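Construct all of the structure, not just a fragment, from the sequences and the given hints.
Going down the list, the protein sequences come from chains H and U.
Counting from 1, one number per residue, gives the positions in the first sequence under this note's numbering.
Counting from 1001, one number per residue, gives the positions in the second sequence under this note's numbering.
Worth flagging that the hints you see were computed from the coordinates, not collected in a lab.
Predicted model only: the values in this text are computed from it and were never measured.
Incorrect hints may appear among the rest.
Derived DMTMM-like pairs: lysine to aspartate or glutamate, alpha-carbon spacing no greater than 25 Å straight-line [said to hold, decoys possible]:
id: 1; chain 1: U; residue 1: Lys1087; chain 2: H; residue 2: Asp140
id: 2; chain 1: U; residue 1: Lys1221; chain 2: U; residue 2: Glu1058
id: 3; chain 1: U; residue 1: Lys1087; chain 2: H; residue 2: Asp48
The following label-pair restraints were derived from C-beta to C-beta distances [what the hints assert, rightly or not]:
id: 4; chain 1: U; residue 1: Pro1273; chain 2: H; residue 2: Asp31; range: 52 to 60 Å
id: 5; chain 1: U; residue 1: His1310; chain 2: H; residue 2: Glu217; range: 57 to 65 Å
id: 6; chain 1: U; residue 1: Glu1024; chain 2: H; residue 2: Glu377; range: 53 to 61 Å
Glycine included, C-beta positions come from ideal geometry on N, C-alpha and C.
Here is how the chains run, residue by residue.
Number of protein chains: 2
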Amino acid sequence: MTRIVQKYGGSSVATVERIAHVAERVKASHDQGHQVVVVVSAMQGETDRLLGLAKQIERHPDPRELDVLLATGEQVTIALLAITLRKLGCPARSYTGAQVHILTDSAYNKARIMGVDAHRIEADLEAGRIVVVAGFQGVDEHGDITTLGRGGSDTTAVALATALKAGECQICTDVDGVYTTDPRVVGQARRLARLTYEEMLEMASLGSKVLQIRSVEFASKYNIPVRVLSSFTPGEGTLITGEEEGMEQAHIAGIAFNRDEAKLTILGVPDRPGVAYHILGPIADKGIEIDMIVQNVGQDGTTDFTFTVHRNDYDNALSVLRHVAKDVQAREVSGDEKIVKISLVGVGMRSHAGIASRMFEALAKEGINIRMISTSEIKISVVIDEKYLELGVRALHTAFDLDQPQG
Amino acid sequence: MTRIVQKYGGSSVATVERIAHVAERVKASHDQGHQVVVVVSAMQGETDRLLGLAKQIERHPDPRELDVLLATGEQVTIALLAITLRKLGCPARSYTGAQVHILTDSAYNKARIMGVDAHRIEADLEAGRIVVVAGFQGVDEHGDITTLGRGGSDTTAVALATALKAGECQICTDVDGVYTTDPRVVGQARRLARLTYEEMLEMASLGSKVLQIRSVEFASKYNIPVRVLSSFTPGEGTLITGEEEGMEQAHIAGIAFNRDEAKLTILGVPDRPGVAYHILGPIADKGIEIDMIVQNVGQDGTTDFTFTVHRNDYDNALSVLRHVAKDVQAREVSGDEKIVKISLVGVGMRSHAGIASRMFEALAKEGINIRMISTSEIKISVVIDEKYLELGVRALHTAFDLDQPQG
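As structure tokens, this is what we get:
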């Protein structure tokens, strides 16, 4: 008997028919003798519907009240799933985040989980019940309803798995696991059987939107095994764990990419202390998030400074940068919103030399010009022209033997 | 400064536009210096939508889980109203039933309020805030969500008014008060300025569906003044209070009627102790509610027994009664589903003789045959053929001077 937390996202519970399917899966786990806690999101479209109602009233609704509103989405799903499970003869009970004391800070709309009082859930599990918990939501120390922000249900699931010392946290979703890269771009993309938390973090943050980043950080911190698997088809999915000693690592786990980037450069900035702050401070003040940053020393004691932002923020960032350019006496400002970022990710690259050169060689062979490079311990990212995205990803997928079945 | 509880029903908050209108009204009360607590129902249609989802899954959904589901309806409304109030610059805060500890028993779907912990609301009111509370819902001693059943928001409002020692509980609804009778039947029907709890109970239970009966009982028990008024048009509405000494009572407050009745008679039942129980027990066992009951002594030591049920239950009740007839050795069973009930209601009738005879005279003048009569301290009800409903109500409205403006 294992204690399992299973999370089902919005598309897995989009209709009562899909909820019935989820109930069958939950029942199967329960029938196998497992203790099962199920975390569910709002039915697909419901959160947007509620948000739409609020936005009809006010463009920036009061954050506390918005959370009271949005929290109803998951509450509907827990009730419908529990009703379905009871119809199947399973002793199920649903709880809101507040009812099982998913304690968060008071940062409405993006609250962080501080702790979970698993007391009541433990009692239900010991009594043989299936426990259904609303994802995405919690309660602060004043008893006010909070939400964790989009994708927060993954974090709820991991937090519950931690508090309940569960053997595994299963994230059931639209895809049957984490792939070496996007199968829509590379037909030979393969499902990975296993991945480390660090690799998953890099894959997720770089655009493979399978798991919420915070939930992976959380799982990593408490060493909870997370399994990504399909809600709809059988299969083992992808198991995400800490790095185990003696674990044979592939050089490269996968190739992530991001189409939503734009690049801005400020050229000929007099190079003195604090210049990075003077350039990026005003960008951050506008609430624009910066991804890659590269600084090169230029000629005549000046420096060139390039960074990437989300493509939606490009115009805004460009106009800020033009103002900044005058203040810091830069020579000129340029930008490009037709770029993409491709990243090689793999814990194995730490201990294997030559990964970077092999990457650059593969791209060069296809005539792809690299516009920016940035590296970290387990990833190498390059920025290239948008039109080369598919070609580049396919070339790298082949160059690093990811087309072959895993040994 | 008065402390006021205002309740708005589902049609008053049916759209974000109507919620905006409600917010303006609440703001006006707050601007006048009142301490305002607002109780709201689910947006019109929302409870039925949720119930529909549950019924798609299971004809008889688990009662506990159904309450988890239905409680989201009011939670959406409190958030939207609070967002609107904050947009208008009013310091508003919303609470679910659980958050303000509207403690109920555990009778899911039809829970009864045991108490309210007004602590948090008091603090908000003293701080100058408007408090918005979800009607219809509460929480039991285990922390499980409960609902009070249809119309329960009225009871929530009265319970809050009681706990907060409010000066008045305002029920804001589709109509601008309680009328002498249904204006669709009698054009001259007048709004009553004032009514006693007892009169309101008789008017409500007899078909003038303005206020939930339980809320009136509650208000009567704790002597909370209740005012029924329109959400949409200005006006004083109808004030419902206890009977005051020296209060000038009209003979008759109004005329209620009910089209949804059907009549069943069991004839020639040997008259022995327990016969009423033997006849009505099996009816009640089927969950059929009985309204009027009349028993007459017949001939040869037998008795005739007539009662009315909701028209929807007629076929069912008739089939039960045919079985019962054999057991109790009755002579025959008959029934009629084309009947209606008309009732005169008024505290004043206690001290004024001749009301009944005047009533029967008015009906006789129009050639209306009375099929059943039942009386209580403050009402007289008659059952007549359905076709005479309008004629009968109009005749009585005139005979008791209800057409005239109140003196």
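Given the hint that Lys1087 (chain U) pairs with Asp140 (chain H), does the C-alpha gap stay at or below 25 Å? 24 Å, holds
When you check the alpha-carbon spacing of Lys1221 (chain U) and Glu1058 (chain U), does it fall within 25 Å? Judged against 25 Å, a Cα distance of about 39 Å means the pair is violated.
Okay, His1310 (chain U) versus Glu217 (chain H) on CB: inside 57 to 65 Å? 59 Å, holds
Status of the given 52 to 60 Å range, CB of Asp31 (chain H) versus CB of Pro1273 (chain U): 56 Å, holds
Between Glu1024 (chain U) and Glu377 (chain H), is the Cβ distance one that fits in 53 to 61 Å? Holds, since Glu1024 (chain U) and Glu377 (chain H) (Cβ atoms, about 59 Å apart) stay within the stated range.
Can you confirm whether the C-alpha distance between Lys1087 (chain U) and Asp48 (chain H) stays at or below 25 Å? This hinted pair holds, its Cα atoms lying about 21 Å apart.
In summary, the structure is inconsistent with hint 2 from the numbered list given earlier, while agreeing with all the others.
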